[in-house]
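**Student:** Sequence:
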Amino acid sequence: MPNPIIIRRLVSPVAASGGGGLPTDGLLAWWKADALDQANGSNVTLWPDSSGNGHPADPPGTPPTFQTAVIGTKPVVRFAGAGTFLNFFPTDIIIPVNGDFTIFWVSKLLSDSICLGYTGDNVQIRNRSGSLSINYPAGGANHESGSYAAFGVLTDVQVNTFRRLGTAGDFRFNKHTLTSSYTDGASIRVNRIGGTQTGIGNNTNGDLGEIAIYNKYINDADFDAIYDNYLKVRWTTLP
1 MPNPIIIRRL
11 VSPVAASGGG
21 GLPTDGLLAW
31 WKADALDQAN
41 GSNVTLWPDS
51 SGNGHPADPP
61 GTPPTFQTAV
71 IGTKPVVRFA
81 GAGTFLNFFP
91 TDIIIPVNGD
101 FTIFWVSKLL
111 SDSICLGYTG
121 DNVQIRNRSG
131 SLSINYPAGG
141 ANHESGSYAA
151 FGVLTDVQVN
161 TFRRLGTAGD
171 FRFNKHTLTS
181 SYTDGASIRV
191 NRIGGTQTGI
201 GNNTNGDLGE
211 IAIYNKYIND
221 ADFDAIYDNY
231 LKVRWTTLP
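All letters in the sequence shown, in the order written, are residues 1 to 239 by the numbering used here.
Keep in mind that the hints were calculated from the coordinates and are not lab data. Please read these numbers as outputs of a predicted model, since none were measured by experiment. Don't take each hint at face value.
As the list claims (entries may be wrong) - Mimicking DSBU-like on lysine-lysine, the simulated pairs with C-alpha atoms at most 35 angstroms apart in a straight line are:
| id | residue 1 | residue 2 |
| --- | --- | --- |
| 1 | Lys175 | Lys216 |
| 2 | Lys108 | Lys232 |
| 3 | Lys216 | Lys74 |
With the sequences and hints as input, model every part of the structure.
**Tutor:** What follows is the structure, encoded as structure tokens:
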């Protein structure tokens, strides 16, 4: 396996934007379903990285499928549970110890799902049992948000966000910051969309429309602006 890229440097704090409102400062990877141009129901054999940083994703086994006009007029990439996932290449993305980051994804799920993970089952970033969480199975650590039941249910079209500033992390469901006791500066390595190891339960079961990974903490005000001016404009059925 090629040596991973470790991102340690933050880019200029001056906010650039791309894609009609998505900030590009600190953007490490960006997968969006409408970057694909293929037939409804066809297999997704390559999901390009729209950040320009070279992390396209392809299926090592059963591929997900492309589905048109699922969330409003927008397409999605549909995952069918265990065994259906995409590995991005040529390198893993590693957030270093105490490194700041923001990860968000747009989804419409059928059941509990691990949306981002690592080949060796070392990291699971997931939406399950009415809360959001990150789990490090190898290290025995699990950091979970409080319930988002007051704001929606798992099967809704939604934006899930996981952020960390140094060692202090939090989770957001759409525009709501959820209660959590996350304090962990562990390095985070991801290289898989849709789950962890082959056969592990709670892989993504449902639809992913867009995923973005940043090497910086996006605060509430700035993320609310992204939500209102970019995400809701694209994914029109978001609340």
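**Student:** The structure should be examined with respect to each hint, and the outcome stated for every one.
**Tutor:** Hints and how they fare:
Using a Cα cut-off of 35 angstroms, the hinted pair Lys175 and Lys216 holds, with the two alpha carbons roughly 18 angstroms apart. Taken as a hint, the Lys108 and Lys232 pair is honoured in the structure, with Cα atoms around 14 angstroms apart against an allowance of 35 angstroms. Distance restraint check for Lys216 and Lys74: the Cα-Cα separation of roughly 28 angstroms lies within the 35 angstroms cut-off, and the hinted pair is therefore satisfied.
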